[in-house]
Structure formats: structure tokens, C-alpha cells
Amino acid sequence: MEFLLQPLTLLTFLPLVGVLVLLFVNAEQKTAIRWIAMVTSLITLAVSLWVFSMFDASNPDLQLEAKYPWIQVAGWNIYYYLAVDGLSILLVLLTAFLTPISILSTWKAVDERVKDFMIFFLLLEVGMTGVFLAQDLFLFYIFWEFTLVPMYFLIGIWGGPRRVYAAIKFFLYTMAGSILMLLAILFLGIKANTFNVPDLLVRLPDIYANGTIPAATQMLLFVAFTAAFAIKVPMWPLHSWLPDAHVEAPTAGSVILAGVLLKMGTYGFLRFNIPLFPDATIQAAPWIALLATIGIIYGAAVSYAQADVKKLVAYSSVSHLGFVMLGLFALNAEGVSGAILQMVNHGLSTGALFLLIGMIYEQTHTREIKVYGGLWKITPIFGTLMLIASLSSMGLPGLNGFVGEFTILLGAFGSKAIGNPWYAGLSALGVIMAAVYILYMFQKVFLGPAGEITHHHELKDLNWREILTVIPLVVFMFWIGLYPKPFFDILAPAVEKLLSALPL
Amino acid sequence: MTPPTNTDLYTILPYILLTAWTCLLLLVDLFIPKGRKSITAALAALGIAGALGFSVTQIGIEHPGFSGMVALDGFSTFANILLLVSGLFGIALAYGYTKRMDIERGEYYTLLLFSLTGMMLMAQANDLIIVFLALELLSIPLYVLSAIARKLNSEESGVKYFLLGAFASGFVVYGTALIFGATGSTNLSVIFAQAASSSTSSLLLTIGAALMLVGFGFKVAAVPFHMWTPDVYQGAPTSVTAFMAAGAKIAGFVALFRVFTTAFPTISSDMTGILWALSALTMIVGNLVAISQTNIKRMLAYSAIAHAGYILMAFVPYGNNAVAPTAIAAGMFYLVAYAISNFGSWGVVIALEKAEGKGLELDDYAGLAKKYPALAIAMTIFMLSLIGFPPTLGMVGKFYLFRSAMAGGFTGLALIGVVTSLLSAYYYLRVVVNMYMKEGDPEVEREPWLGLTTAITAIATVVVSLVPQFLFLLASTAVLR
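Line order of the protein sequences matches chains A and B.
For what it's worth, our numbering labels the leading residue of the first sequence as 1, then goes sequentially.
For what it's worth, our numbering labels the leading residue of the second sequence as 505, then goes sequentially.
None of these hints come from the bench; they were simulated from the model.
Any given hint might turn out to be false.
Computed cross-link-like contacts, DSS-like style, restricted to lysine-lysine with a CA-CA straight-line distance of at most 25 Å [said to hold, decoys possible]: (1) Lys942(B) / Lys169(A); (2) Lys108(A) / Lys538(B); (3) Lys108(A) / Lys655(B); (4) Lys538(B) / Lys664(B).
Output of the computed footprint for chain A on chain B, the stretches with three or more beta carbons under 8 Å from beta carbons of chain A [what the hints assert, rightly or not]: (5) 812-825; (6) 892-898; (7) 970-981.
Just the calculated beta-carbon pair ranges, DEER-fashion [as the list claims (entries may be wrong)]: (8) Leu20(A) / Leu956(B): 27 to 33 Å; (9) Ser796(B) / Tyr68(A): 54 to 60 Å; (10) Glu65(A) / Leu550(B): 28 to 34 Å; (11) Lys108(A) / Leu656(B): 28 to 34 Å; (12) Ile563(B) / Pro237(A): 51 to 57 Å; (13) Asp61(A) / Ser706(B): 30 to 36 Å; (14) Ser706(B) / Met219(A): 51 to 57 Å; (15) Tyr68(A) / Gly554(B): 55 to 61 Å; (16) Phe24(A) / Ser796(B): 52 to 58 Å; (17) Leu708(B) / Met219(A): 22 to 28 Å; (18) Trp464(A) / Leu792(B): 52 to 58 Å; (19) Asp61(A) / Leu956(B): 46 to 52 Å.
Glycine included, C-beta positions come from ideal geometry on N, C-alpha and C.
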């Protein structure tokens, strides 16, 4: 039972305690239920900060390991193995940080089946944290697939009018990718006789060298993992589940979906694809860069065409995560660090946008851009926060988005792996296009003459709870935008270690 | 012919106990008044529990008995325990249901026990004659049980099962005859030894083995021998269906595993292709047809067909000595996962079923989560387990099956397996969608034994998936040869 007291075990499974408590609370006591969930997620946040305080940023290796033999019979070599390093620590913190914020945002928005909602939400947190911490492929796969279940319910029960369709599409789409990864995991497990990532990293070079896994097979394995992660990211052309899921999901679901779940895909590339299949990675880098660039341009262009604010932000995610992919497969220090930071940035800015959109939607029950207009005069606080989030999302210098995108482009320009500065050049266009669609949206909604909704509704500005929900995100937007060095310092040693293993 | 020794008797002790108990129960039941048949149920369960106790003490003991006619080994003990537990679940599900549906008769339980003895004998059979004996012993009571409701659809179910079952038994007998012709023996080990020597006609042997495969394929409901399954599952009383779906499938696979790995490794190169095709067809057809079902019993019937395909998939590389133990262990492990989820999901079906076959449409599950959250959670767990989704036993089991197929080099088959799992997610999730995302006002029967079965199976599905070590260990002792 010693493993229960490991910091990372605590961090991962603490929300389960909240779930257990919630199971015994009467479903009618909604306020109590909300507070239990809130307190649980705050304690989890505290534990994540405790973990962070023990984390040694100068150490590039896995830390705070909780490693115990799990299934060691019948030729299985499976460990319960959690650990954290510079690649994952920020994402772990982001998860712990966004969960209480999302729960706070549901205070008024979710009034039906609150108990079920909170249970699923806390279960989702367990899954997400587990994904970022698991160092054994079997364990990882369990967490990875498990996140689907609560999210499926969150969309399907508390979502919009087409929620059932969106939920099933989300589930099947994501599962389609993961089943290919499952086969690849089993294949690796059979060939290397381990599922544990550090051991695989030791054994695989020999296995590749002696031809047990030939180069073509390595490529197939790479593709199988890519299928799972690319759908999750989502990379163009596998993105079609995302707008549906985002538009139908309740606000808190959208925040977590954009903020954390999509990062599971990019994190997967970082943690598994690149180190496990180094030769295939280098071979595939130009192609991934091509898809990423198409995604950047395509996502931005389609965003511009949206009539629904939430859909606009959803498509902008396709564009932003294109940047992350471009940075990752630049395979140099700038690109990869920029990409990891951009994962966090996207969680902050898109999370804030979804939160704010949700707040106005609670009042008006519409997200059509054209019915708004002139909101700024009526709701200045809402307008200000929306402006900051928008500018952060489009990458204005001084805010977090700029730091990430700039570093990524810098990396992509000089990337040997991509080998063609044109991808970076075209992607830079995406930054400009982001300015176009974001400012277009902002102008239509907040400036100009009052639209029909603005006229007919007695719109209230944000209350204290709502402001409190967004403020923490805004603080980090400025912090990362103005002084990103501490964040890069956390990443640098681990990124360097990751890249030094590549035969570039 | 030497008289049986104590060791001989010991090898089949649980079987003897249960058979004697059942014969006794047949008599005792005559004195139990109508309306007090719960006593029969309790006595039947007691008999099973006793046999289960003896079976557990046989863990780790290996011994041939009756001059090699039967075998006691890790495999048979594992199967016996699984079958006996299935029998307990079968009685728990039947207890309230038969009362409610007005089909409570003492012979229900004795028939169930007789069928169970047949299944146990199948697990220990090491001779084709015993295999046939066991096959008939397990099947005939099931035919009667299917028709026990004496309603039109129940009788149709019984007759259909009987006719097709008899036909399948014919294949097994004919196969046995051909194999005897080829090798001069019905003993599995002798058949293997004879087949390994060059003088044997491998053509005759292969045809014989293929015919046996037809018979077993029928019992486990593999495509294209599955036609009876949806009709029989739908028409039979649901408690019978639940027992049949688990028990007959386990017995069929146990026979297939033992006969093929013991007697037919020499012709594995011929058999592998056939098994491959059977497995692929079963997974594809079972899952595809399940999608269009609107009746939960038919849907679960096609799901049962599909699961036969998954288990067959692991068994395809049975001729490969390095993989065969894994293949069998994976198959047995999955049978456990399947049996547990199976009884749980049929339990939920029974809870919602009304007289006259009402309450069996998928739409009848709408709104279940609001009114009966615990039942809905349990059903969700079973559905996830049948898809093969974590954190359930079905996921661990499928992991094991796919690994076995891939270790045998059948990555293509594993690919078919995962793709059809994706298909299956669609129809299993439809149940979940109805329960959680649609409005409705379902009525549920509350019965203590039913509730207990559902709770135990749901908890086991999740908990055992997190601590599966002991099951892995036990399954890996279930190795043949």
C-alpha cells in the first residue's frame, strides 16, 4: 500500500476521493455537491503544486517515480509506473489548474444532475492526469481510453441540441485512432518484452539495429501511434469531430476539451512517437510539417467563415494546434520548447475564450455573431476580459500566445528535420489570419451598433464569481507573455535530452 | 478393463458429486410442494457450491483418470470453477424471474444442473467418446430449458435449438468416426501419437477434425454456424438464455481447445486457415448484424456471436508451440471476462423485462439512469466491458487475446478484431445513450438475488481488471499438454 502515498499517485487519484464522497451525497443538495467537487479539485491543485515544489527543473530525467510491478505473470511485464519530467510537468499543472476553474464556471450553468456531472468531471481529471504521468504503455493506454468515457457523458448529457450525435462521434472517432495504437503497443510489447517506456528506450535501439523491427515496420508503428494522437490533436484532415464536440459540449467540457484533452494528442507525439521511433520521426517530419501547415491555414480560414462564436474558437484550435505540431516536428530546441509552451498557452487562451463565451451564452442562449454588436458599452468588464483572451489567442506581443508562436516559427525556420523554410513562412500567414478572424469576431460582437440581442436583452456584466473564474487565466497570459524564462527553464533540460537521442 | 480406482474417481470428483446430487434432487423435488420451489433452487445452489468447493481443492493437481478417458489438469479445474460459478449465477438470475414469469418448476433447476454436469465433463473429456457424451449431456437439458416457458416463441426456440443441435452433434459423431478410421483410436493423446507417425491418412484426419470443428462451432455460435443463436436467445426465457450464453459457449470452447491442442497439432497448418476465416467471419458478421438490432436480446445474441470470434482469434495460432499456451490462457481469461459481463448484462435485461416479452426493446431503456442510477451504472460497465474499454475486465481480456494473435503472427486478424471492436462500440453505446441521454420512464423489478448478481458482476468487472494478477496466474495454469 506504500504506492498510495507516492506524490504522483496521490495527485492522480485524489479526485477519486471526491467521487467516493459524492456517491453518498443526496443528489438534491446541489450546493454541497458543487463545494465537494470544488474542494477536491482545489486540494488536487495544491498537491500538484507540492509535486512541483519537489520537481527539480535542472534534471532532465523522469522524477518522483512511483514504480511498482503490476502484472508480472504469464509473460506480461507491466508496471504501475508514474513519473514526471520537464516535458509533462507543465501539462500536469495545467490540468490541475483548469479543473477547479471549469468547476467554478458550472456553478450556475449546470443545474441538472449536478451530482453526475461532478462525478464525471472528477473522473475525467483522474484520466487526464494519468495520461500525462503514465510511463508504462499499458497503464497509459488505460488512462488514455478512460478519458473518453466521462467526456462522452459530459457531452452527451449536458450538451447542446445535437449532443448525442456529437458524443458518439467523439467517442468513435477517438477510439478509431486508439485501437491502431493498441496494436502497435502490443507489437512493441511482444518484440521488446516490456511496456515500460524507459526500458523500451534502452532496448529499442538494439532491436532496430539488429533488424528485429525493420525500418518499414518502425514506420508502421509510428503511423499507428500517429493515428491515435493525430485524431486527438486534431490534425487536418482528421479534425471533423472537434467542431461538433466543442459546439455541443457544455462550457466546462469545452474548456477541458480544448485545454487539456487536445494536449494529450500533442503530448503523445512528444512522449512516445518521437523518442520511440526516432528514424521514422525524422523521415516523417516534413510530412507532418506539411499537414500542420495545411491545418494552420485551413483552421484559420474556416474560423473566419463561422457564424457561431464557439465554432469559430473551435476551428481556431485546429489552427493553433497546427503550430504545436509544426514546432514539435521541427525537432530542434526552439521548436519543441515553443510547442510545449504553446500547448499551455492554448489551454489558457482558448480556455478563457470558451469560459467567456459560455458566460454570455447563459444569458442570451445564442452564440450567433450577427445578433450581437455593441456589447462593449453594456458589459465593459466582459469586453475587457474577452479582448485580452482574444489578443492572447491571436498572438499579440506581450501576451503568452506570441511567445509560443514566435519560438515555434523560429524553430521551424531553422529546422533541419523539416528542411524547408517555406512551411514556417506559410505558417506565419496563419498568425496574420488569426488576427483577421479574431478581430473580425471581436468587432462584430463588441463594437459597432447594438445588435438585436444587445437591444432586447437586459444584459448584465460579469459577476464576481465569473470574474474570479477568468482572472487566474489572465494572470498567466501576462506572466508568460512578459517573462517566459522560468517556463522555458523548466522545459529546457528535458527537451535537450529528448533531442539528443535523435539521429539528426 | 480394470475397475475404477480411487484416483480415477478423484479426478472427476466434483462431477460425480454434482451428478449424484442432481439425481437426488430430482427425487427430492417430487416432495417439494408447488409454490415452494425456492427450496429446490436453494438445494441446487448448495450442490453447486459443494462441487465448487471440491473443485477449488483440485487447483494445481494434474492426473489422468479412467485409463486416459478423462483428465484432471489446470485447464479442467479452471473450466470447472468457471462453469460452477456460472451455474450459481444462472440459478440466481432464474430464482425471481421464473416466479415472476410463472414458469417456476422444480425441473428447471435439475435440468440446469444436468446441463452443468455435461459442461464439466466436457472440460475433463480426453476421449472423443466422452466429448460426445458430454456434448449430449449438456445440450439436451438446454433444449428442454429453452422450451420450458411453453409459450409459442419459447417452444419454437427449443425445437429450433434441438433440431440444429442434433444436426451439429451428427457432425461431431461423423468426425469422430473418420478420426477413428484414420488413427484407430478415440483417445486424444493416441490420436496425436498416431497422427505424428507417417502411416496415418492425414486427409481423413483433417476431414474428421473439420467436421468436429463444425460441431463445436455450432456450440460456440461461430459464423456460419450461428443461425440458431438470435432466435433461440430471443425465444428462450431470459434466465435460460443467460445461462446458455455463458455455459454452452464455455463448454464449446473448452472442447475445442482441448481436442485441437491435444489431438490435432500435426494438422494445424490445414486448420489454421479455417480457424482464421471462421474467426474473421464471426467477428465481422456478429458485430455488423448487431448494429441493426432493436431488441436487446437479439443484440446481445449477436454480441455473443461476435465474442466467439474474438476468442477464436486467439486460438488461431494453436499449432505454434511457443504461442499455444498463451492462446489457451488468453481464451480462458476472456471466457471469464465474457461470462461475468454476460451474466451482468442479462441480469439487467431480466430486471427490465415484463411479462409477454415486453420491456425488451432498446427504447425501453430510455431514462433508466435517472430512475435507477445504480442499475444504469452497472449496465454501462457491462457495455464498456463488452466493447473492451478500460477500466473493465473486458479490456484486459481483449488485450490478452490480441496479444496472443499478434504473437502468433496474425496481425491482420488482430486488425480485424480491433476494427470490429470499434463497430461494436456503436451498438453497445446505443444502450448507454438510451439510458443516460434520452427521457423515459422505465419500470424495474427489484429482486434481491438479481440485484446481488448484477452488483457482484459489475464490481468484479472493474475490480478484477485493476488487480487481475490472480486470474492471470490461474489462467496460465490452464495450459494443455
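* To do: Provide an ascending list of the numbers of those earlier hints which the structure does not satisfy.
  => 2, 3, 4, 5, 8, 9, 10, 11, 13, 14, 15, 16 and 17
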